[in-house]
Amino acid sequence: MKRILMGLALIAALMACADAAVAQSLTGTIAGRVADEQGGVLPGVTVTLTGRTGSQTQVTDERGEFRFIALEPGIYSVKAELEGFRAKEEANIQVGIGRTADVRLALGVGGLSETVEVTANAVTIDTTTTATDNTISKDLLFAMPLTQANPSVNLLDYTPGVNDNSAFGGTGSYGNALLLDGVDTRDPAGGSSWTFYGFNMIEEVQVAGLGQPAEYGGFTGAVVNTITKSGGNRFSSLLEYRYTNKDLAGDNTSDAIAAINPGLATPSRWDKMNDYTVQLGGPLKKDRLFFFGSVQRYSIKEDPDGPRTVRTEVSPRFNFKLTANLTSSDTLSFGGQYDWYNQTGRVAWGPTAAATDDRTSDQDSPEAVWNAQYRKVFGSSTFLEAKFTGWWGYYYVDPIKPGAAHYDVDSGAYSGGGGEYFWADRGRNQVNVSLSKFVQKAGQHNFKFGVEIERSRVRDRYAYAEEHGRPIAYYDYAGEPYMAYSYSYDLQGRNQRESFFAQDQWKIGNVTANLGVRLDNIRGRSPVLDETLYDTKSLAPRVGLAWDVTGKGESVLRAFYGHLYEGPQYYTFSYALPGIGDFVGYEVLPGWQLGEEIFRVPGTSKYSMGKDLKHPRVDEFNVSYQQQFLRNYKFTATYVRRDTKNVIDSVFPEARWEPFSYTNAKGQQMTLYRWANDEIDQKFEVRNVDGFQFLSPSGQVLGTIDAFRKYDGMMFVLQRALRNRWQAQVSYVYSRTKGTVDNDGSDGLGGTNFQNPNTILVNRNGYVSNDRTHEVKVFAGYQIPVIEVGVSGYLSVISGYPYQPYERLTGSRINWTGAKNVFIESRGSYRTDAITAFDFRAEKVFEFAPYRFGLYMDARNLFNQGTVTWVQTRYPSAEISGAAVPFGGPVYVQSGRQITFGGRFSF
Amino acid sequence: MRELVRAWRPAVRLLALALAVTVLPLPVSAGQQDQTTPKPGIRASIAKAVAVEPPAASKDAVAVVQDDPGAKLNSPSFFKTPAGVAVIAIIAAGTGFAIYSASNDRIKSPGR
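Going down the list, the sequences are from chains C and W.
Numbering of the first sequence is given in our numbering, commencing with residue 19 and proceeding in unit increments.
Numbering of the second sequence is given in our numbering, commencing with residue 316 and proceeding in unit increments.
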């Protein structure tokens with residue numbers, strides 16, 4: 019019972035902990051002051067810090083202050099002793115990534131008391147930072163019913179203001195920096211997550227969003243900094259097994275939904291899931307050398323939404339880490355991960371909701387990750403960190419049924435084989451070096467300077483599946499192929515980045531200025547051409563103020579303004595790389611034989627890079643107020659505004675357009691555009707597209723691209739630290755995200771939506787894909803007395819997704835080289851239903867100190883809600899599973915209730 | 316609870332003394348570090364945690380260092396105990412099956 023309470027107390031301490039400066043550093047600080055009960059400073063006090071890997075001792079200075087820097091995240095205690103005074107100890111101090119825990123101890127006069135007063139943390143606020151973050155500690159990860167799959171991104175969604183990885187209006191697929199032990203490990207191609215690591219490898223996760231200092235870059239959404247476990251002086255172990263099957267899955271489908279879309283007649287569910295983890299950590303030499311090792315095997319078999327009947331994943335993972343305290347001030351660690359992720363039932367060509375088993379692919383994707391870290395402490399105010407992280411991996415997607423795919427332009431149905439091959443090879447290495455210095459002069463300064471060097475490589479090979487000796491896909495009409503296309507590419511690119519930052523947290527009295535600047539030099543190169551195709555230099559200021567309103571550390575008013583730049587992404591310049599194959603159209607003869615070549619669009623020569631490119635960025639302004647009250651509560655109110663700028667996409671500068679009146683499928687008149695000078699070759703330019711003008715043959719301006727996206731959000735978060743066996747966090751966010759640039763990953767990154775006025779000038783301004791107007795999230799945990807069962811839950815109620823009807827216009831209709839989807843009403847003019855989900859955990863713990871054995875049950879979507887989460891948006895309908903699903907008809911339903919049982923033994 | 320704590324008091328004192336003697340002090344004081352200043356005698360009884368909050372909160376206050384049933388985990392001899400042997404056996408079995416799975420369950424792309 020004591021351990022359960024301790025666990026909950028730790029969770030409470032974590033949730034109540036100071037919002038603190040977010041840092042690439044993997045360490046935190048405990049700083050404080052010792053005074054007597056009248057407030058008089060006490061120099062010469064012996065302060066002992068105790069943690070997992072040993073103890074440190076300092077003596078307070080003439081101001082009664084002490085400072086322990088470069089601490090590994092974890093739980094610490096600080097004890098102050100001075101002859102003639104009663105010793106005092108502050109326990110359960112949570113040191114998090116980049117955090118400074120402020121500890122103030124008041125010693126009472128006393129004699130030879132043998133009593134040590136121990137206090138647990140109350141809610142505290144960091145009144146010096148303008149950064150907000152939600153740190154999820156190991157204990158919270160251990161206790162709450164959190165999604166365990168792909169934690170590098172999925173844990174983001176528990177943060178207020180973040181849904182489907184879209185953070186504060188940003189793009190979910192590439193807008194977030196995903197750091198592993200302080201170093202970004204994303205896919206250099208498009209900035210999505212790459213390294214998959216086990217949930218139980220996590221020591222702590224810091225989800226940082228707003229008001230970030232200059233040391234953080236490469237993001238326009240949020241930052242997820244995951245710290246992996248290490249060994250300590252005490253042997254520790256975790257043995258865990260989780261299981262579920264289809265009998266533990268709820269059926270949340272309805273006859274009404276199945277009548278519209280037969281593919282949804284059976285619910286998406288896990289038919290079987292087996293997941294085990296075995297871990298061991300401890301000392302090889304006490305206080306000097308520690309080890310940690312972990313092995314996990316995760317496997318699932320799923321019956322997904324839609325016509326597919328099976329999808330599987332198997333992933334064995336191996337992790338190890340060695341940490342050495344070379345001296346009292348030098349720490350070196352080295353670690354690695356190897357895993358081989360395999361997936362079947364993945365959909366490659368065509369929409370996932372319409373895919374049958376025949377059109378799925380297998381995925382072969384191993385990876386190896388390595389990292390090394392060195393930390394040197396100079397005295398009590400300076401430390402140096404150097405980090406090197408790299409990874410190698412690939413994912414190859416091959417159709418299980420080789421053969422060309424068919425798309426019927428009349429019905430919208432997909433058929434045939436898997437359709438395509440995609441082979442992706444990747445590698446990334448990054449070095450981060452930073453120097454932190456604390457100075458007391460004209461106030462207090464926390465300086466930090468750093469440099470980052472990144473080198474990444476990408477190779478993508480793609481081809482339609484072969485028929486008739488060439489890569490082919492068919493366009494059908496009413497079930498008969500009328501045209502065949504051939505296409506393939508083999509592209510190679512290199513990302514190169516050097517970043518520099520300088521920042522200062524300057525505290526004078528009750529006001530702290532957080533000042534910083536970051537310079538990113540980002541280049542994209544072609545190793546085939548041996549040329550630099552993309553070259554930008556970006557200077558990002560970050561300015562923030564924090565005012566301790568009362569001077570007591572109980573309330574803070576913050577304001578921040580800064581520029582956030584994306585990281586390097588190969589997709590930004592990939593269209594200009596050599597290796598794009600010709601796009602060839604063929605006549606189709608009876609028997610599906612290929613006839614004459616109808617057209618040939620040369621590949622590589624189509625794209626060039628524009629001049630004077632500016633790297634994509636977001637400008638952020640936020641103001642917030644945070645208040646601690648009644649000792650255990652903390653309330654935060656925040657207003658955020660984010661503006662997306664410097665959107666990069668491709669345009670067709672030499673094209674001229676002819677407007678024409680068109681009656682769409684809803685019977686409405688609208689203006690569309692035909693390509694008027696189709697005698698010229700298509701030559702596209704990748705550039706910043708804002709301000710680009712579409713011209714008529716006479717040079718008249720038909721329309722100007724206004725490439726923007728704006729996010730406005732108000733967030734309210736109330737946290738309650740553990741008391742009387744329960745603790746909770748409640749948040750509400752109201753936000754609007756509008757613009758012409760979507761945040762689902764389809765715009766930007768040198769795409770194609772801005773080439774044609776029909777896909778940028780027509781009905782494009784509105785609520786974007788990840789606009790969730792209202793968002794309520796509630797975490798709560800309670801320890802039931804007597805039976806000592808811990809229950810915890812996570813409730814989310816979030817507005818649905820915006821959508822709009824589109825009509826698929828053939829190339830001949832708009833005189834283009836392919837069909838285009840054109841919005842026939844304003845973007846976001848409809849919205850799906852709000853989605854409610856409640857995830858629950860109950861755990862019975864048996865403690866035989868020092869061992870802990872827990873049996874738990876997790877229920878995802880406990881109340882088996884069956885909300886339609888996405889709809890068919892082609893007007894008037896599209897064929898799915900042999901049925902004509904109308905516009906607005908269901909294509910995805912919330913996953914039904916899934917109960918998982920688990921057992922874990924730990925010490 | 317108090318009886319249990321009193322029974323462990325001598326062992327805890329010894330442990331605290333051992334820690335005081337063997338820890339490696341780091342030269343990271345915020346102000347002056349005076350290694351020659353004698354520390355006050357360590358008299359921490361570590362016998363009772365006293366919350367400075369209202370009584371209703373005292374259930375939640377936690378004593379950091381009390382009796383230490385986990386002391387056996389500080390030594391490699393733990394792995395010679397039945398519990399330790401069982402842990403090693405389970406870890407070995409889990410590792411072995413994962414290694415087998417990495418080969419047996421692997422999807423081999425024709426592209427490699």
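Hints are not guaranteed to be accurate.
Said to hold, decoys possible - EDC-like cross-link-like pairs, simulated, lysine to aspartate or glutamate; straight-line CA separation at most 20 Å:
#1 Lys684(C) / Glu865(C)
#2 Lys387(W) / Glu865(C)
#3 Lys387(W) / Asp305(C)
What the hints assert, rightly or not - Which residues of chain C face chain W? A few of them, derived with a C-beta cut under 8 Å, are:
#4 Phe336
#5 Ala867
#6 Pro868
Because the hints were derived from the structure by calculation, they are not lab data.
Every value quoted in this text rests on a predicted model; they were computed, and no experiment measured them.
Glycine included, every Cβ here is placed at the ideal spot set by N, Cα and C.
Consistency of the hints with the structure:
1. A C-alpha spacing of about 66 Å is found between Lys684(C) and Glu865(C), which places the hinted pair above 20 Å, so the restraint is violated.
2. For the given pair, Lys387(W) sits about 16 Å from Glu865(C) by alpha-carbon distance, which is consistent with the 20 Å threshold.
3. Straight-line distance between C-alpha atoms of Lys387(W) and Asp305(C) comes to about 16 Å, which keeps the hinted pair within the 20 Å bound.
4. Proximity of Phe336(C) to chain W holds as hinted, the smallest CB-CB distance being about 7 Å (cut-off 8 Å).
5. Interface hint status for Ala867(C): upheld, as the beta-carbon distance to the closest one in chain W is roughly 4 Å, under 8 Å.
6. Taken as an interface hint, Pro868(C) checks out: its beta carbon lies about 4 Å from the nearest beta carbon of chain W, inside 8 Å.
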